[in-house]
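**Student:** Just so you know, the sequences run in chain order A and B.
Numbers given in our numbering equal positions in the first sequence, counted from 1, plus 363.
Numbers given in our numbering equal positions in the second sequence, counted from 1, plus 2.
Among the hints, erroneous ones may be present.
Derived lysine-lysine pairs resembling PhoX-like cross-links, with alpha carbons at most 25 Å apart [claimed, not checked]: (1) K405(A) / K84(B); (2) K424(A) / K466(A); (3) K402(A) / K424(A); (4) K470(A) / K15(B); (5) K84(B) / K46(B); (6) K466(A) / K46(B); (7) K67(B) / K15(B); (8) K466(A) / K408(A); (9) K46(B) / K408(A); (10) K466(A) / K402(A); (11) K424(A) / K408(A); (12) K46(B) / K405(A); (13) K67(B) / K84(B); (14) K402(A) / K470(A); (15) K424(A) / K405(A); (16) K402(A) / K15(B); (17) K466(A) / K405(A); (18) K408(A) / K470(A).
In short, the hints are calculated from the structure, not lab data.
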Amino acid sequence: DIQMTQSPSSLSASVGDRVTITCRASQGISNYLAWFQQKPGKAPKSLIYAASSLQSGVPSKFSGSGSGTDFTLTISSLQPEDFATYYCQQYGSYPRTFGQGTKLEIK
Amino acid sequence: QVQLQESGPGLVKPSGTLSLTCAVSGGSISSNNWWSWIRQPPGKGLEWIGEIYHSGRTNYNPSLKSRVTISVDKSKNQFSLKLSSVTAADTALYYCARNTDYWGQGTLVTVSS
Chain A
364 DIQMTQSPSS LSASVGDRVT ITCRASQGIS NYLAWFQQKP GKAPKSLIYA ASSLQSGVPS
424 KFSGSGSGTD FTLTISSLQP EDFATYYCQQ YGSYPRTFGQ GTKLEIK
Chain B
3 QVQLQESGPG LVKPSGTLSL TCAVSGGSIS SNNWWSWIRQ PPGKGLEWIG EIYHSGRTNY
63 NPSLKSRVTI SVDKSKNQFS LKLSSVTAAD TALYYCARNT DYWGQGTLVT VSS
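This is chain A alone, in the form it adopts within the complex (with noise of 0.2 Å):
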């Protein structure tokens, strides 16, 4: 199975700031990675596939890039709404599998 580790596990930032996340993958998947968006009690929400490729309705703040091993998650001008647990998966091969998430809180 391809281990996908994202870091940091948590973090703390305010509203405004730029974060990023990291996601590593234990072998190159090519640009075959998904970023979540999971608030509590509500199902994940898909914000971007093919590394970069931002879905339909999801806001131009959110950006994603990377390629082979190491991908990242990059939000600006964090709002209120945006204090959620986010998710990376690869689908470059089988099994599918996530990150462990990264709980982005409000400081």
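With chain A's structure known, arrange chain B on it following the hints.
**Tutor:** Coordinates of chain B only, in the frame set by chain A:
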């Protein structure tokens, strides 16, 4: 807008079989998409269970493969999950999803006597 809705018993006895259905609306299950099941134990991360294509082709997580069956019913535009020989470790929120884009709201399944 594609919508997915999970349904099934919320309580399953140990050693029993967990059975869930995902109804798809706003789109055809026969479209060029993979239909997945993912689960999340309370307070923990996400685990991919498996997926099915409308042809019936499946891919399963090896960690669960011996206990999992995913099937599709094109006439009802839905797909289903069966997980056998369940234990307390199978207690989780179970989500159905289309590829990586659309997800159901999730349904909590508790394994307890």
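**Student:** Given the hinted pair K405(A) and K84(B), is their Cα-Cα distance within 25 Å?
**Tutor:** holds, 23 Å
**Student:** Are the Cα atoms of K67(B) and K84(B) separated by 25 Å or less?
**Tutor:** holds, 11 Å
**Student:** Within a Cα-Cα threshold of 25 Å, do K84(B) and K46(B) meet the stated pairing?
**Tutor:** holds, 22 Å
**Student:** Within 25 Å, alpha carbon to alpha carbon, are K402(A) and K15(B)?
**Tutor:** Status violated; Cα separation ~30 Å.
**Student:** K466(A) and K408(A): Cα distance at most 25 Å?
**Tutor:** holds, 15 Å
**Student:** Holds or violated: K67(B) and K15(B), Cα atoms, limit 25 Å.
**Tutor:** Holds, at about 20 Å.
**Student:** Holds or violated: K424(A) with K405(A), Cα cutoff 25 Å?
**Tutor:** holds, 21 Å
**Student:** Take the C-alpha atoms of K402(A) and K424(A), compute the straight-line distance between them, and say whether it is at most 25 Å.
**Tutor:** holds, 18 Å
**Student:** Mind checking the alpha carbons of K466(A) and K46(B) for me, to see if they're no more than 25 Å apart?
**Tutor:** Distance of about 12 Å is within 25 Å: holds.
**Student:** Given the hint that K466(A) pairs with K405(A), does the C-alpha gap stay at or below 25 Å?
**Tutor:** Distance ~14 Å between K466(A) and K405(A) Cα, so the pair holds.
**Student:** Going straight from one Cα to the other, do K466(A) and K402(A) come out at no more than 25 Å?
**Tutor:** Holds. K466(A) to K402(A) sits at ~10 Å (cutoff 25 Å).
**Student:** Straight-line Cα separation of K470(A) and K15(B) no greater than 25 Å?
**Tutor:** It is violated: about 43 Å lies between the C-alpha atoms, which goes past 25 Å.
In the structure shown, a violation is registered for the earlier hints numbered 4, 16, in ascending order.
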